[in-house]
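Undergrad: Assembling the complex is the task here: the two chains are given apart, and the hints tell you how they should meet.
Chains X and R, in that order, give the protein sequences.
Residues 838 to 1112 in the numbering used here are what the first sequence lists, from first letter to last.
Residues 13 to 410 in the numbering used here are what the second sequence lists, from first letter to last.
No lab work stands behind these hints, which were simulated from the structure alone.
Misleading hints may appear alongside valid ones.
Here are the simulated distance ranges between beta carbons [to be verified]:
| id | chain 1 | residue 1 | chain 2 | residue 2 | range |
| --- | --- | --- | --- | --- | --- |
| 1 | R | D66 | X | D950 | 22 to 32 angstroms |
| 2 | X | P1100 | R | A137 | 23 to 33 angstroms |
| 3 | R | R104 | X | P1100 | 21 to 31 angstroms |
| 4 | X | E1066 | R | E56 | 46 to 56 angstroms |
Sample of chain R residues with no beta-carbon within 12 angstroms of chain X, all distances over it, derived [as the list claims (entries may be wrong)]:
| id | residue |
| --- | --- |
| 5 | G32 |
| 6 | A36 |
| 7 | P47 |
| 8 | L55 |
| 9 | L87 |
| 10 | G111 |
| 11 | R131 |
| 12 | A313 |
| 13 | L322 |
| 14 | G362 |
| 15 | L369 |
| 16 | I373 |
| 17 | R379 |
| 18 | R386 |
| 19 | F387 |
Values in this document were obtained by computation on a predicted structure and should not be read as measured data.
Even for Gly, the Cβ is constructed at its ideal location relative to N, Cα and C.
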Amino acid sequence: MSGIVHTRQAPPLSACVRAVGLVGPGLADWQTGAPVIAGDAPYQPSPTVLSAPQSLPPAERRRTGATVKLAIGVAQQAVAAAALDPVSLAAVFTSSGGDGLICHEICETLATDDRQISPTRFHNSVHNAAAGYWSIASGATAASSAICAHDGSFAAGLIEALTQVTVSGAPVLLTAYETSYPEPLRAKRPIPESFGAALVLAPAPGERSLARITAALTDAPCDRMADPELEALRAAIPAARSLPLLRLLARREPGRVVIEYLPRQRLAVEIGECR
Amino acid sequence: MRPLVISRFTAVSCIGRGLGATAASLRAERSGLAPCTFETVRLETYVGEVPGVDEESLPRELERFDCRNNRLAHLGLHQDGFIEAVRESAGRFGPRRIGLILGTSTSGMLATEVAYRRRDPATGALPADFDYAATHNSYSLAAFARELLGLEGPASVISTACSSSAKAFAAAWRMIEAGWIDAAVVGGVDSLCLTTLYGFHSLQLLSPAPCRPFDAAREGISIGEAAAFALLERLPEQVESGSILLTGSGESSDAHHMSSPHPQGRGARQAMEQALSAAGLAPADIDYINLHGTGTPSNDAAEGCAVSGLFGPSARASSTKGATGHTLGAAGALEAVICAIALTQRLMPGSANTRELDPAIGFEYLRANRRDERFRRALSNSFGFGGSNCSLVLERSA
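In isolation and in its complexed conformation, chain R is listed as follows (with noise of 0.2 angstroms):
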């Protein structure tokens, strides 16, 4: 595929609000997990909730969109003078030549969970002030970031769980070379509620402790939200050194099952190879794999055999929700984000909080940071329920 110039990209998890904190967490191998204290919820978890949310308030005239997951958006838009740039380049293109693609898995689900709590006690009918279509519907992001950003192209959201937003840059890339818009904002993100909450712990994959991506025990998901964002580009003539580029991207299916992934990681592997194909680059290319690496003993084990499977033992890889957490909808976008500050720095994160490695590992899993001056390209996957799989490689301009 013709590569694209990430121009701008910024994001907001529980390691940091803008890229400055994230990269500062990232060099310090902090993890931003804590004990669970999210609203009603009584859980033995950890979560990667972002301080501040609910202090974030939305202009007046886009206030019919105010729920958890706008606002996070909001405060994520605000990061490393995304608007402005998402502004330059709309003013350069015209605002209809710029393409909007989000990922979400939840939306503004919270504020459908909270709604049912008051509901009339005669009729069960929902509030009058719940607002269906600003808060809950997967749109609602898409919609709201739109008006925010003054854009007015083609505009939707991707909505395949936890692949989402690793899918929002595969589609916008599409749209970009087939000709309908010159450039694109993409993205993901998703906050926490009580359904991911409580679906997770029902399907037994909620960790009580902080969760441990690849350790031998390791015991499932910490449950994160995130907004991370990207604008798309052609290339320009001259690359200024140390852009970062999107090279690739594969996608898909598992046909498997719906919540475990196939346990040789079959479409895990497709994607992979799908992804360096469109970069045109080899297994040996690339020099660092963020892994999806959830946690759960089946999605790390499926992952690992297919890394190991394409890439063999001298891959070096490790997964970043032992910081942030799994963010779902927005994991592809956040770590596509990380790679980008990854890549920068030209530092390989390690995996926070894992101890003692699966023995089962068959290729370099980083628990510590490592420093590597020839770091030029990155992969990041992103796997989600329903078998849905999406590979991104990422690239350092010489």
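Okay, chain X solo, but in the shape it has when bound (with noise of 0.2 angstroms):
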């Protein structure tokens, strides 16, 4: 209980990144789609490829709509390549607006006289149903978390899991995730595509890490991806908002990206060696 007041500036949160999970429009996985953000290889655009999970029981499976899809295989794509036992593994989850054509068909069926919405509708409209449904398909009965800080929402989970990391010493799954709403919501928040990426974060290098990554606060101005195809992705799409890191951790180069996260506050990320 012993206890001082240690006034003193934030110290910078790292980690080493051991695996990276990655899909969205054009591109399938981190395999893949590396080489295209990192811009050794031509950007051709295609619609999001989602599949079902083929981990969660068949009752489950039927149950899952895009988002879930897509978080999920993101998610296990960047495990797998960490060559992690989920089970034990930490997991931060975070996306802006969670299943939007779930809220959809939920605020249509309220705004008529019946209003019987789906029970399985309504489980499947919390903010953690990905979180939920990766722990039921992994087993994972360590603490997983559901975050939201809007266009931030890539920043505020990645301070999350940089957080757990540095408190814990154990590694963290961070998957950010955004489906596209359908209309009328899509006209007030236009997110055009699916798009997905996951990190495994560690505090020491594992056999095969990319890199070790150091954030911060800072008010520099947030870097844009150089392909005017993946900026707009980026501008666009929450979860896109970390193509900026991704692309230095594709390039396996040094280096430091802003990204964006809160009005007025953004957040600088340095990429070194992880030794």
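TA: Rendered as structure tokens:
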């Protein structure tokens, strides 16, 4: 019960990136997408392809929508590449909007006289649906969270994941994902496509760590993507605000990027060698 | 974990505006549940509606955030000198050194539900005055509070259904421990909306009568609404006697089912064990457990199993949801504040509306209030959809 007030500047939060997962329009996975994001291969946009997670029991698999498929798919990619057991792996899920289609269907039904909404839709409408299905699919009993900071959701999730790694000293899975909203919500929240990115972060390097990342708050403006089509994705999809960071990881280059966080507050991420 | 002091806390729910009214209701074992007359809802159920939310008005420069949830947040932040305490803290540490982590499950969803009734008949478009980002989006709550409080530090919303605002305490503790911030505003706000009322109705989990947690004849939940906030800081060198401390937190996942708990409460037990271990306590050190206790047959059975398995027959516990209703994403913060009041007053609150105890309960379930001058440590449980569990340990300093 001892305690002293320590007034100090924020020490940078840091972790090793053990693996990356990626799913987006024209970006099937990290292995094939990394050269595109790095600028070594041409970007050819095509609709995002989502598949139902085979690890879910059939009853659960039938009930999952696009958002859960996207989040679990991209999380599984990263965890498999990191060769970690998901059972005891803490997980942070971050998204601006949860499942837009389910939200639309519920609101449509509630605007009728009938108002009988589907129980499955209701329990799938929670912001932590992806986190819940992930834990069911992978048997993960460790803590999981579901975070939102609107357009800054990726940075907010990254801060939470880095904080967990720092304090617990254990690896953490970060999954950022966003699916498109149908009309009429789309006019109010124009997210054009599904995009997901996952990072497995750990305090120390493993057999195949990509880089060490170190984050700090900054006033500097956000970095953009040089490719206009990738920049359009970054600007339109909260989870794709991660693209400048993914680009440096894909190029396996040290450097520094600034990504979107909150009004008047952004996140600077330095990429260095993981030793 | 290194404990934090909860230097200021407040709550608004159907049992009272602010600490004084809430404490008076708890002492009187009063329930705030009443037959549902909310909005256009036609369901045979009881709700814990906060009176006066519709009359609350936001400052003009923050009008874009106007919705029931942010009005309730506004009402809550204005109780018990909370805003002044946050500003004092921001003056001491700097506004960039104060974190803001809030929990909600539905945020301003009601605004979208109402907007869907006002779609353009020709195009189907939502009305021009509907502002998605400032009302419906989960982060709207923190965006609004950040502007109102003038904070410039890290901010986010945790939305893990009914464990949301308990987890906000745990996340804020980590951020302080990592040195990213010196203090944090945490809390939860959830307000009545049609999605949750008709949604829980579709799952057949709404009780037609006021909810009766751990009653042999319990029939389901009564939905409530609340705003509850706490200011967390590192311990000062000299802790004032009677201060309320956050000394432990534990989080886990059921990995079982989206809307039903693990039948033996496996995840619940894991979260409680972790919270005890973080606080450096043994089960026997906990004087009172504020249960999640929603009043559904399966939730209470699973939690009861976990509690009796870990704490044994001498544990004393109750759910306060018979008084407040289930305030969903705000429940974790509201019940942490109720524990703080309980510790301050050395009063373990009884379980309003519970009449015949479930004979399966394997510990001492408090139907009536219990005074205990040695009451020093409380554990608060919050469990949500998706199998998301969080337990907090609160202590009264000697």
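Undergrad: So, for every hint listed, does it hold in this structure?
TA: Here is how each hint holds up against the structure:
A C-beta distance of roughly 24 angstroms is found between D66(R) and D950(X), which places it inside the suggested range of 22 to 32 angstroms. The beta-carbon spacing between P1100(X) and A137(R), approximately 27 angstroms, falls within the hinted interval of 23 to 33 angstroms. Evaluation of the 21 to 31 angstroms hint for R104(R) and P1100(X) yields a pass: the beta carbon distance comes to about 24 angstroms. Between E1066(X) and E56(R) the CB atoms are about 54 angstroms apart, so this pair conforms to the stated range of 46 to 56 angstroms.
Annotated as non-interface, G32(R) keeps its C-beta farther than 12 angstroms from every C-beta of chain X; the closest such distance is 29 angstroms. With a cut of 12 angstroms on Cβ distances, A36(R) stays outside the contact zone with chain X, its closest approach being about 32 angstroms. Chain X leaves P47(R) outside its interface by the beta-carbon criterion, the shortest separation being 18 angstroms against a cut-off of 12 angstroms. For L55(R), the condition that its CB be more than 12 angstroms from all CB atoms of chain X is violated, with the nearest at approximately 9 angstroms.
No Cβ of chain X comes within 12 angstroms of the Cβ of L87(R); the nearest lies about 22 angstroms off, and the non-interface call holds. Its beta-carbon lying about 10 angstroms from the closest one in chain X, G111(R) breaks the requirement of being farther than 12 angstroms from that chain. At the 12 angstroms boundary, the C-beta of R131(R) falls inside the reach of chain X, the nearest C-beta of that chain being 6 angstroms off. Listed as a non-interface residue, A313(R) keeps its Cβ farther than 12 angstroms from every Cβ of chain X; the least gap is roughly 19 angstroms.
Annotated as non-interface, L322(R) keeps its C-beta farther than 12 angstroms from every C-beta of chain X; the closest such distance is 16 angstroms. At roughly 30 angstroms, the least C-beta separation between G362(R) and chain X is larger than 12 angstroms, which holds for a residue marked as non-interface. Distance to chain X confirms L369(R) as a non-interface residue, since its nearest Cβ pair spans about 29 angstroms, more than 12 angstroms. At roughly 25 angstroms, the least C-beta separation between I373(R) and chain X is larger than 12 angstroms, which holds for a residue marked as non-interface.
Distance check on R379(R): its Cβ is at least 31 angstroms (rounded) from any Cβ of chain X, clearing the 12 angstroms threshold; non-interface status holds. Distance check on R386(R): its Cβ is at least 18 angstroms (rounded) from any Cβ of chain X, clearing the 12 angstroms threshold; non-interface status holds. Even its closest Cβ contact with chain X, about 18 angstroms, leaves F387(R) beyond 12 angstroms, as expected for a residue assigned away from the interface.
In this structure, the earlier hints numbered 8, 10, 11 are contradicted, and the remaining ones agree with it.
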